[in-house]
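**Q** Here are the chains, one letter per residue:
Protein chains: 2
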Amino acid sequence: MTVEIIEKHQSFGGQQIKYRHDSATLKCEMTFSLFLPPETKTAMPLIWWLSGLTCTDDNFSQKGAFQAYAAKNHVAFVMPDTSPRGVADSDDWDLGQGASFYLNATQEPWQANYQMYDYLTQELPALVYSLLPNFSGKESIMGHSMGGHGALMIGLKNPQRFSAISAFAPISNPSQVPWGQKAFTAYLGTSVNTWRAWDATELLKEVGTKHAPILITQGTDDNFYQVQLNEQAFLAAAAASDKAISYRKEIGYDHSYYTIATFIEEHIAFHISYLK
Amino acid sequence: MTVEIIEKHQSFGGQQIKYRHDSATLKCEMTFSLFLPPETKTAMPLIWWLSGLTCTDDNFSQKGAFQAYAAKNHVAFVMPDTSPRGVADSDDWDLGQGASFYLNATQEPWQANYQMYDYLTQELPALVYSLLPNFSGKESIMGHSMGGHGALMIGLKNPQRFSAISAFAPISNPSQVPWGQKAFTAYLGTSVNTWRAWDATELLKEVGTKHAPILITQGTDDNFYQVQLNEQAFLAAAAASDKAISYRKEIGYDHSYYTIATFIEEHIAFHISYLK
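Chains Z and Y supply the protein sequences, listed in that same order. Here the first sequence is numbered in this note's numbering, starting from 1 and rising by one per residue. Here the second sequence is numbered in this note's numbering, starting from 277 and rising by one per residue.
Some hints could be false.
To be verified - DSSO-like cross-link-like pairs, simulated, lysine-lysine; straight-line CA separation at most 30 Å:
no.	chain 1	residue 1	chain 2	residue 2
1	Z	K18	Y	K525
2	Y	K486	Z	K249
3	Z	K41	Z	K138
4	Y	K339	Z	K8
5	Y	K339	Z	K63
6	Z	K18	Z	K41
7	Y	K414	Y	K486
8	Z	K210	Z	K157
9	Z	K63	Y	K486
10	Y	K481	Z	K72
11	Y	K303	Y	K348
12	Y	K317	Z	K249
13	Z	K182	Z	K138
Just so you know, the hints here were simulated from the structure itself, not pulled from any lab data. On a predicted model such as this, the values are computed, not experimentally measured, just so you know.
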């Protein structure tokens with residue numbers, strides 16, 4: 001398991017580092033980025049960030065404005081890429097590279113490489129843990145849009161591993177919206193029963209209130225809100241007694257990283273309260 | 277004088293807006309960006325940001341992480357583009373479009389359009405003032421690399437207009453370094469006497485201590501530091517009695533926007549102290 005540093009920048013006294021490695025799970029070369037806060041003797045937790053359609057690990061690194069708060073709160077951030085690279089792809093921006101939906105594909109031509117769920121839950125964690133000085137063992141997960149769904153889905157499927165989950169503008173019920181239906185049909189086939197294991201709304205019905213605390217931020221001026229990101233089904237799936245889901249609509253904010261930058265301090269504070 | 281909004285994002289309760297207009301001075305279509313903090317009844321000052329080689333108005337908007345502090349301090353920011361567009365250019369990344377050095381060119385083929393100094397001191401201010409609700413009339417200027425020099429040069433030439441000047445990794449003595457010599461030769465010709473009016477180190481010799489307070493931040497791990505950004509001549513040009521220049525070397529920081537994001541809060545605090 002070799003990993004190579006391809007970029008390194010000092011940032012708020014910590015380090016913003018970009019790595020390249022050969023992934024055995026995805027059978028291709030991958031990049032990911034890591035923010036390490038300034039070193040102290042205190043053990044440090046880790047937050048996973050999953051980006052949206054068309055992104056790479058660079059979008060959040062460069063536009064997320066999270067480093068000030070990660071440094072202050074002494075937490076590391078890891079930013080994986082959004083899909084395998086240099087392998088199967090489509091001509092559409094919302095399918096294939098940059099659009100993995102973080103699941104394990106079962107259909108051709110995706111099956112050989114699009115095993116992002118296994119990559120994010122097995123191969124990449126082992127690699128990232130080895131790069132963290134003084135890791136506390138505590139992890140949480142957040143993301144944006146497709147990555148907001150990825151955070152909800154992976155967090156709900158792994159309650160022992162993640163102490164908190166948050167999302168900006170998540171595709172919270174992909175089985176029922178155009179982006180998700182297109183991707184799930186391609187990656188998983190037309191049998192919608194197989195989709196349930198990868199849809200956060202279906203997963204929430206299954207786990208009931210047995211999940212990590214969830215915070216969701218959604219801008220009301222988000223172009224994708226009504227068609228792709230509607231929250232009604234997700235919130236309806238929550239048990240009436242579920243006090244661990246907080247859904248915040250923010251007036252006038254859109255789908256861009258300007259919204260993420262505005263509310264990232266709040267999201268980090270939410271995560272930190274459960275990572276101590 | 278018409279101006280069109282082509283992008284608008286809510287950010288930290290304020291607005292990050294991108295505009296397009298036809299510049300009479302540059303004889304081409306230009307874009308610029310503006311950050312307006314949340315509206316209050318208090319009059320609001322304006323900070324100019326000038327970017328470096330290859331940049332547009334988007335780099336600082338997206339990667340500068342300044343909006344949190346601009347909103348908190350109730351100050352507007354304007355980000356011009358770095359050159360005329362769609363006109364004379366060269367095949368080199370450090371000459372022509374994205375590389376105007378913010379001066380008025382006298383040589384062909386640049387003279388017709390590359391009048392950035394006039395654009396930034398006459399046409400664009402008039403337009404920007406008209407877009408600011410409740411402008412206090414106080415202005416200051418900052419920038420990065422080529423734009424760091426632009427801030428020093430324009431600030432030193434206009435002591436009545438700018439209350440403070442700051443720069444990240446400025447090309448502080450362009451007449452004496454490869455980037456500056458190449459650009460000045462092309463835009464101004466080979467008569468080096470004509471270069472003095474556009475070189476911050478020469479301008480500092482002229483004005484003595486009669487200039488706005490200056491803050492410069494330079495990372496020690498900046499690839500361009502020794503050859504292009506060396507500060508010795510600029511600091512030597514400062515009068516021995518000049519207490520209004522603060523030069524800070526920051527260990528381990530590089531030429532990237534990660535450095536700008538790390539120290540922008542400090543630069544804004546410096547400007548605000550003179551903009552009140």
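**Q** Does each hint fit the structure? Answer for all of them.
**A** Hints, one by one, checked against the model:
Proximity of K18 (chain Z) to K525 (chain Y) is assessed by CA-CA distance (about 25 Å); at most 30 Å being required, the pair is judged to hold. Taking the CA atoms of K486 (chain Y) and K249 (chain Z), the gap is about 51 Å. The hint is violated against a cut of 30 Å. Note on K41 (chain Z) and K138 (chain Z): the hinted pairing holds, with a Cα-Cα distance of about 16 Å set against a maximum of 30 Å. With a C-alpha separation of about 16 Å, the suggested pair K339 (chain Y) and K8 (chain Z) falls inside the 30 Å cut-off, and the hint holds.
Between K339 (chain Y) and K63 (chain Z) the alpha-carbon distance is near 5 Å, which keeps this suggested pair within the 30 Å criterion. Restraint check for K18 (chain Z) and K41 (chain Z): satisfied, since their Cα atoms lie roughly 24 Å apart, inside the 30 Å limit. With a C-alpha separation of about 18 Å, the suggested pairing of K414 (chain Y) with K486 (chain Y) holds against the 30 Å cut-off. Simply put, K210 (chain Z) and K157 (chain Z) have alpha-carbon atoms about 11 Å apart, close enough for the 30 Å limit, and the pair holds.
With a C-alpha separation of about 38 Å, the suggested pairing of K63 (chain Z) with K486 (chain Y) is violated against the 30 Å cut-off. Between K481 (chain Y) and K72 (chain Z), the direct Cα distance comes to roughly 42 Å. Violation of the 30 Å bound is thereby established for this hinted pair. Taking the CA atoms of K303 (chain Y) and K348 (chain Y), the gap is near 37 Å; set against the 30 Å cutoff, the hint is violated. As the CA atoms of K317 (chain Y) and K249 (chain Z) are separated by approximately 27 Å, the hinted pair is consistent with the 30 Å bound.
The straight-line distance between the Cα atoms of K182 (chain Z) and K138 (chain Z) is roughly 35 Å, outside the 30 Å bound, and the hint therefore fails.
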